[in-house]
Amino acid sequence: ETLMLLIDVCVCWKAGGHMESKRGSDLLKGLMNLWSRIWGPMEHTVMDQEGGLLSNEAHSFLESLQINREVVGTEGTTTKGFVERHSMLTKLAFLEFKRECKKQGLELTLEEQIKECCMAQNLMLTYGNSTPQTALTSQTHLMCSPEFKTIESMTSAAMTAPDKIESYLRGR
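The numbering of the sequence shown is this note's numbering, which starts it at -16 and goes up by one.
None of these hints come from the bench; they were simulated from the model.
Capping the alpha-carbon separation at 20 Å, the derived lysine to aspartate or glutamate pairs in EDC-like fashion look like this:
1) Lys12 - Glu46
2) Lys5 - Asp31
3) Lys12 - Glu26
4) Lys81 - Glu(-16)
5) Lys12 - Asp(-9)
6) Lys12 - Glu94
7) Lys98 - Asp(-9)
8) Lys5 - Glu53
9) Lys12 - Glu33
10) Lys85 - Glu99
11) Lys12 - Glu(-16)
Whenever a hint applies, use it, and build me the whole structure from the sequences.
Structure follows, in structure tokens:
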């Protein structure tokens, strides 16, 4: 499976999605859908030597959006460890979430699962007393607020067949 993970190194906000292939057109479509349409084009991007993003088509597209690309070689850069750490963290969260979905009978697409894992990390991981979502939007999400009492589950965490709300909260 081809997955794309985009991470803002300043606030650690991430977006991820499932790509149809590693062709340049599919990767650029993912870049637009996951990031540029929401936040606008980034100023700089650090990428591995993925063939689809090294094509002339990709170079022209990124240049037209004034995105400065830095290709990381096999020797790496100082940010390579950061990206690998977040990739592994997201992969572990994804595998756990996928297992929970299967166990609870939730049928989600691969795209929905990876997006949910990224958003959960944006809402819950804390860096210097702030989550990436709070750093980016200056707002604390209702689901993460201790005062949030609007949605409550009718089943306990010990039950083997939880209701839909409990399943959602367990997945989060």
